[in-house]
Amino acid sequence: MTGTTQRRAAVRRTAPQAGGAWLRQHRSSIKDAQANFRANRGAVILSVLVIGITLALPLGLQVLQTNFLVLVGSLGSHPHATLFLDRDVSHEQAQAIADSLALDLRLGEIKLIDRDAALADFAGSSGLENILATLATNPLPHTLVIAIDGEHFIGQRGDRLEAELREIAGVSTAKFDITWVRRLEALADLMSRLAVAIAAILGTGVVLITGNTIRVGVHSRRDEIEVTKLCGATDAFVRRPFLYSGALQGFGGAIIAILFVASAFTVLAGPLDRLAELYGTTMQLTNIPGPSAVIVLVCGAIFGWLGAWISVSVYLREMEVRVG
Amino acid sequence: MIRFDNVSKNYGHQQDALRNVTFSVEQGEFIFLTGHSGAGKSTLLRLVALMDHASRGEVLVDGRNLERIPRREIPYYRRRIGFIFQEHRLLPDRSVFDNVALPLVVAGHRSSETQKRVRAALDKVGLLNRETASPRSLSTGEQQRIGIARAVVNRPQILLADEPTGNLDPTLSLEILKLFGQFNDVGVTVLIATHDLELICHLHHRQIALARGKLVDNNALAG
Chain A
1 MTGTTQRRAA
11 VRRTAPQAGG
21 AWLRQHRSSI
31 KDAQANFRAN
41 RGAVILSVLV
51 IGITLALPLG
61 LQVLQTNFLV
71 LVGSLGSHPH
81 ATLFLDRDVS
91 HEQAQAIADS
101 LALDLRLGEI
111 KLIDRDAALA
121 DFAGSSGLEN
131 ILATLATNPL
141 PHTLVIAIDG
151 EHFIGQRGDR
161 LEAELREIAG
171 VSTAKFDITW
181 VRRLEALADL
191 MSRLAVAIAA
201 ILGTGVVLIT
211 GNTIRVGVHS
221 RRDEIEVTKL
231 CGATDAFVRR
241 PFLYSGALQG
251 FGGAIIAILF
261 VASAFTVLAG
271 PLDRLAELYG
281 TTMQLTNIPG
291 PSAVIVLVCG
301 AIFGWLGAWI
311 SVSVYLREME
321 VRVG
Chain B
1 MIRFDNVSKN
11 YGHQQDALRN
21 VTFSVEQGEF
31 IFLTGHSGAG
41 KSTLLRLVAL
51 MDHASRGEVL
61 VDGRNLERIP
71 RREIPYYRRR
81 IGFIFQEHRL
91 LPDRSVFDNV
101 ALPLVVAGHR
111 SSETQKRVRA
121 ALDKVGLLNR
131 ETASPRSLST
141 GEQQRIGIAR
151 AVVNRPQILL
161 ADEPTGNLDP
171 TLSLEILKLF
181 GQFNDVGVTV
191 LIATHDLELI
201 CHLHHRQIAL
211 ARGKLVDNNA
221 LAG
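So the sequences go chain by chain: A and B. Taking our numbering, the leading residue of the first sequence gets 1, the next gets one more, and so forth. Taking our numbering, the leading residue of the second sequence gets 1, the next gets one more, and so forth.
Just so you know, these hints were derived from the structure itself, not from any lab. Glycine included, every Cβ here is placed at the ideal spot set by N, Cα and C. You may find that some hints are simply not true.
Computed Cβ-Cβ distance ranges for the label pairs, DEER-style [said to hold, decoys possible]:
| hint | chain 1 | residue 1 | chain 2 | residue 2 | range |
| --- | --- | --- | --- | --- | --- |
| 1 | B | 120 | A | 31 | 47 to 53 Å |
| 2 | B | 60 | A | 22 | 15 to 21 Å |
| 3 | B | 111 | A | 191 | 32 to 38 Å |
| 4 | A | 236 | B | 37 | 34 to 40 Å |
| 5 | A | 313 | B | 95 | 27 to 33 Å |
| 6 | A | 31 | B | 63 | 51 to 57 Å |
| 7 | A | 291 | B | 68 | 50 to 56 Å |
| 8 | A | 30 | B | 38 | 17 to 23 Å |
| 9 | B | 202 | A | 35 | 40 to 46 Å |
| 10 | B | 63 | A | 22 | 51 to 57 Å |
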């Protein structure tokens with residue numbers, strides 16, 4: 001009826017600049033997230049503590065797994081490799097091989113067992129002196145018994161070392177006292193996978209915990225969300241403050257988890273040192289490694305963010321039926 | 001500008017809220033939607049604001065079928081509309097300024113632009129001096145005016161008001177309607193749902209009357 005140019009000009013809208021608008025909306029979302037926290041302080045703090053306890057378990061397992069080999073290595077004996085040399089290798093040559101191996105930092109104490117001494121020892125311990133005396137030559141070779149740090153026996157490093165020792169000139173046979181190390185390795189692997197599985201399950205738990213806390217927050221601000229949507233808010237705009245809240249809750253929970261585990265580690269360090277002393281050794285245990293701490297913080301924030309995203313999205317979908 | 005073409009709306013097993021309603025509204029018109037409680041006035045406004053979808057028929061705004069607006073574009077469509085509720089629906093934990101600024105914040109306007117527009121809107125409704133107040137501290141009439149300021153601050157093309165004077169005394173109601181008249185004077189299309197026939201007698205605008213979801217009068221002049 002009255003579509004004059006003047007009136008059209010009056011209702012013409014100015015569009016805000018895209019980049020600046022995005023930043024301003026994020027600033028507004030951070031303010032909203034702070035308001036969310038103030039409005040639901042009790043629930044949020046409780047949620048952060050629960051997330052902290054939940055994340056502490058896989059983190060604790062990871063720290064335990066990191067220290068497991070150190071712990072067992074400290075309490076038990078080193079694994080050994082036994083190199084049986086060729087029979088034509090002389091004592092001097094055997095000593096030269098032992099000297100060259102002594103330069104390898106991966107290897108511990110190297111003991112050369114002279115073949116004559118070995119035969120005499122065998123004759124004494126077996127009671128076969130008479131039979132052995134009839135032998136024209138000593139059938140035993142010179143032997144090197146090498147102590148190896150447990151960590152160099154694990155996985156590919158162990159395989160590589162084994163291959164290197166077998167290929168030394170003058171070595172006829174190499175035997176590795178490896179069974180218990182492999183068992184240890186399998187146990188460590190099991191622990192590692194267990195930590196991952198528990199982390200996955202409890203990570204889902206963190207998503208659900210955060211999602212539930214955010215859902216309470218969303219419901220308490222139902223009217224505000226509906227009005228905001230009617231004012232032209234996109235789903236992303238509505239969702240954003242809750243995403244910030246969720247990520248912060250997850251991050252806060254991760255900090256609590258790190259504090260829990262670090263405290264527990266500090267408490268246990270003293271008794272472990274005393275235990276090691278009783279075994280006549282010392283232990284260099286590792287507290288939460290830096291990369292693990294960063295991973296827990298990032299995962300905590302991601303889980304929290306994801307929980308919030310799911311929770312708000314479900315609500316917005318339900319609301320779509322009512323508000324459109 | 002707005003066209004209802006044989007529109008029906010039903011909610012499950014209940015009686016149809018709207019039944020084969022057909023009418024059109026030109027840009028810049030001032031329309032009263034009248035009818036008793038349950039006549040379908042609010043449903044009609046909800047359809048225009050895309051708070052609901054028609055069960056049958058078509059609702060067109062500026063020639064565009066609202067059913068065909070993709071979900072992601074609905075917020076941008078709504079930014080062209082100002083909605084005023086009977087119960088105001090102000091955010092109680094925010095100041096008057098923040099309430100009025102909401103549509104501008106949502107649209108990502110600059111702070112300086114937001115301040116300018118909010119103050120202009122508050123000035124228009126006569127509440128510039130209450131920008132730092134809490135909505136709780138305002139009278140019902142003042143709250144309604146804040147609701148109007150919020151609805152117009154984004155310079156909408158269409159103003160929809162659902163019983164905006166329902167909780168106000170006759171003098172205040174008339175003031176509020178005059179305020180709508182001022183926005184209409186600058187080209188804003190206004191649709192006001194009301195059952196207060198006495199009140200609309202004071203203003204001479206087109207009236208669309210509904211009864212039990214059916215259009216009973218499309219062209220009557222109020223007053």
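Checked hints:
no.: 1; hint: 120(B) to 31(A): 47 to 53 Å; in the structure: violated, 23 Å
no.: 2; hint: 60(B) to 22(A): 15 to 21 Å; in the structure: violated, 32 Å
no.: 3; hint: 111(B) to 191(A): 32 to 38 Å; in the structure: violated, 54 Å
no.: 4; hint: 236(A) to 37(B): 34 to 40 Å; in the structure: holds, 37 Å
no.: 5; hint: 313(A) to 95(B): 27 to 33 Å; in the structure: holds, 30 Å
no.: 6; hint: 31(A) to 63(B): 51 to 57 Å; in the structure: violated, 39 Å
no.: 7; hint: 291(A) to 68(B): 50 to 56 Å; in the structure: holds, 52 Å
no.: 8; hint: 30(A) to 38(B): 17 to 23 Å; in the structure: violated, 44 Å
no.: 9; hint: 202(B) to 35(A): 40 to 46 Å; in the structure: holds, 42 Å
no.: 10; hint: 63(B) to 22(A): 51 to 57 Å; in the structure: violated, 31 Å
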